[in-house]
Amino acid sequence: MTPLLSIEELEGIVNEAFPDFEAPQIESLEGDTLVMSTSVSARNSRPGGTLSGPTMMALADNSAWLIILAHIGPVLLAVTTSLHIDFLRKPELTDLMARARLIKLGHQLAVVDVELFSRGSSDLVAKAQVTYSIPPRATS
Numbered sequence: 000m001t002p003l004l005s006i007e008e009l010e011g012i013v014n015e016a017f018p019d020f021e022a023p024q025i026e027s028l029e030g031d032t033l034v035m036s037t038s039v040s041a042r043n044s045r046p047g048g049t050l051s052g053p054t055m056m057a058l059a060d061n062s063a064w065l066i067i068l069a070h071i072g073p074v075l076l077a078v079t080t081s082l083h084i085d086f087l088r089k090p091e092l093t094d095l096m097a098r099a100r101l102i103k104l105g106h107q108l109a110v111v112d113v114e115l116f117s118r119g120s121s122d123l124v125a126k127a128q129v130t131y132s133i134p135p136r137a138t139s
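Reminder that position 79 of the sequence shown reads as 78 in numbering that gives the first Met the number 0, one-by-one numbering, no gaps.
Hints listed in this document are in silico derivations from the structure and should not be mistaken for laboratory results. Just so it is clear, CB atoms sit at the ideal spot from N, CA and C, and this is done for glycine as well. Among the hints, a few may not be true.
List of simulated lysine to any residue pairs, SDA-like, C-alpha gap at most 20 Å [claimed, not checked]:
1) Lys126 to Asp112
2) Lys126 to Ile71
3) Lys126 to Glu10
4) Lys126 to Thr49
5) Lys103 to Ile71
6) Lys89 to Val13
7) Lys126 to Val110
8) Lys89 to Val110
9) Lys103 to Val78
10) Lys89 to Met56
So the derived label-pair ranges between C-beta atoms look like this [to be verified]:
11) Arg45 to Phe17: 22 to 32 Å
12) Glu21 to Val78: 34 to 44 Å
13) Pro135 to Ser44: 37 to 47 Å
14) Thr93 to Pro135: 36 to 46 Å
15) Thr49 to His106: 38 to 48 Å
Whole structure, please, built from the sequences with the hints as guidance.
In C-alpha cells:
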C-alpha cells in the first residue's frame with residue numbers, strides 16, 4: 000500500500016488542526032508503516048520511575064490516526080472506536096517510539112497494530128491495537 004500523503008503533509012494537517020498541541024515527531028513513513036517518537040520528561044512519569052500509561056496510549060492513538068490519514072487523506076473526523084493496549088515491561092524515561100502498521104483499511108473501519116518501545120531498545124514496552132471509524136465520503 001502506497002501512502003497518499005507525505006510526512007510533511009501529515010505534519011501540516013496536525014499543525015493546522017491542533018495548533019497548540021505539542022505533536023510527536025514522525026520519523027518515517029513507508030508503505031503501511033509509520034514510526035513516530037515523543038519526548039519524555041518527568042511530567043510523563045508516574046511513581047516508581049516509569050512512564051505513565053496515558054502517555055503510551057496517546058502515542059499509540061496518534062500514530063494510528065496518522066497512518067490511516069496517510070492512506071485516506073485529510074479525513075479529520077476519523078475517530079477512535081477501540082484502543083486495546085497491553086503493557087509488557089517498564090519503559091525507560093527516554094523518548095518513546097511507536098511503530099504503527101495498518102493491518103486493515105475498509106470503507107468504514109481501519110485497524111492498526113502499534114508497537115511501543117524506548118528509543119535505543121528493540122524490547123517492546125507495550126503493544127496496542129487501535130480501530131478507527133472512517134466517516135462516509137461525501138458524494139457529488
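In rising order, the numbers of the hints this structure does not comply with: Checked against the structure, the hints that fail are numbers 2, 3, 6, 8 and 12, while the rest are satisfied.
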